[in-house]
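Trainee: Since chain V is already given, all that's left is putting chain F on it; use the hints.
Those sequence lines, one after another, are chains V and F.
Counting from 34, one number per residue, gives the positions in the first sequence under my numbering.
Counting from 2, one number per residue, gives the positions in the second sequence under my numbering.
Heads up, some of the hints might be wrong.
As the list claims (entries may be wrong) - In the EDC-like style, the derived pairs of lysine to aspartate or glutamate whose C-alpha atoms are separated by at most 20 Å in a straight line are:
id: 1; chain 1: V; residue 1: Lys69; chain 2: F; residue 2: Asp130
id: 2; chain 1: V; residue 1: Lys160; chain 2: V; residue 2: Glu133
id: 3; chain 1: F; residue 1: Lys173; chain 2: V; residue 2: Glu42
id: 4; chain 1: V; residue 1: Lys69; chain 2: F; residue 2: Glu237
id: 5; chain 1: V; residue 1: Lys74; chain 2: F; residue 2: Glu237
Because the hints were derived from the structure by calculation, they are not lab data.
All of these numbers come straight from a predicted model, not from anything done at the bench.
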Amino acid sequence: MNLADALGEGLQVTVLGLSIVFSVLVILMIVLYLFKVIFYKDPKKQMTSMEKALGKAVEELPLNEAKLIGMKHVPGGVEATYTTDKNHNEPYGPDDIPEEELVAILTAAVAASLNTSTYNLRIKSYKRVGGLSSAWNRAGVNETINNRF
Amino acid sequence: MGSTGLAAMLGDMRAAFAAGDILQAIGTPLMIAIACLLLYLAIVKKFEPLLLLPIAFGMLLTNMPMFKGSSAIMMHTEFFTNPEYMLDGSHIDIQRVVSEGGLLDLLYLGVKLGIYPPLIFVGIGCMTDFGPLIANPKSILLGAAAQFGVFFTFLGALVLSALVPAISFGVKEAASIGIIGGADGPTAIYVTKTLAPALLPAIAIAAYSYMALIPVIQPPIMKALTTKKQRQIVMEQLRPVSKTEKILFPIIVTIVVAFIIPDAVALVGCLMLGNLLKESGVADRLSKTAQNGLMNVITIFLGVTVGATATAESFLNPQTLGIIVLGLIAFCFSTAGGLLLGDLMCVLTKGKVNPLIGSAGVSAVPMAARVSQMVGQKENPSNFLLMHAMGPNVAGVIGSAVAAGVFLSLFS
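Chain V with its partners taken away, still in its complex shape:
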């Protein structure tokens, strides 16, 4: 086979082969999008309807002072958090930990990793880095990945 023949035949098979591979996988992609349409119910939409129902239930409370401040999925349903504090505008979260406690925890963690005493350290400032998930969470996922794959 000379170079021109090799290039001609090679290109022909390459174009044909890639077209077949792409067409089979594109058809499967369309089937998978149909799966999504038929079988998948978006929990956000479900949440909205549930939220409406729960919000309505709160409005109907006799005191009419309870306020829905948080909602999350738990096994078996949805857990809603209410407050009767009229001035409360933010849901509770990790930021609600008192700052002194947080500084004490950070000092202890740094002392443990540097193998020194907390008396030798002074935390001047702290800043969350690397996304919202906790270091414990990340370490757990990393360990699972390393063990299972």
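Mentor: Positioned in the frame of chain V, the structure of chain F alone reads:
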């Protein structure tokens, strides 16, 4: 003393020297050294040890010096490749294999008749979770793009053959070499045993060695074809996938593939059978057997017999060197194909897709997905790309089986 293996080896070496064939004269000791090197890589370096170890030991067994016609010979490669020993010059003489063949000859029938690779696919199917692919359908395109290397190398092999007189690859040989880029050992073996049986040892060893070297080969290409900002992209969490979807998926894939490319059904169908055994939840015993007992038995048979085809005559030639170089090219271009489509998806989705998951489109489950995770996490420690990369990774298995079907339907 005259009947020892050492005497047989020295006799062969003398005969080859007298004929002026230096490479074959040192063939036996050289092949034993290569087998020991592969054993070292499998045991000490842990390069795909489950397959490389049986392959290397099969290679060692077949290259043990024996006298011609000895009943101790375990493998007669000539029964499968030399027209003089075959019926009509092209079909295996099963009667001869059964009556005169050694243990490895009998086991090799499973490769030659195309039994082992599909059975391995049943086991792989049982171990594969197509959930990430079902949750993110567009990732299936990355598995298709990663087949670019397969066809590019096919083209490369033909061009190399036209340019280098010492190498003569026809379309069948070029197709068998190209499929190395699919990074799927059983698929490469399945195509090669049909199209170019003489190249089977070199292609199988190249395919498995490069699969083991994925963590070394892929990261530099991944860094070269993506920006730091792209590598740091955190992707949205995948949606949960219902059991119904997971059960329907293998059935529909089998039907679609069979309608379009029937030659791929032996591989894809078995992969999907294994997956259905697992996902249906009603055949737990079969699923456990397929992914443990059956898979392990077949892996031993396949590894040892493929290794046993690597005799000095079939392995020590310029073509093997060509296959090793082209195999690497196939791997690199498959990785690049997936990454480039990943880059395009990243641009089209305005930064929602991390292009690193594209490199996982070369099958090699789960090694390639793990490399995407590793490289992504280096840039952003809180980024978990593994499950996102598993989508293209399992799509790559389907893609390479379809590419194999294309070659088989065109050239067999």
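Trainee: Which of the numbered hints are not met once you compare them with the structure shown?
Mentor: Checked against the structure, no hint fails, so every one of them is satisfied.
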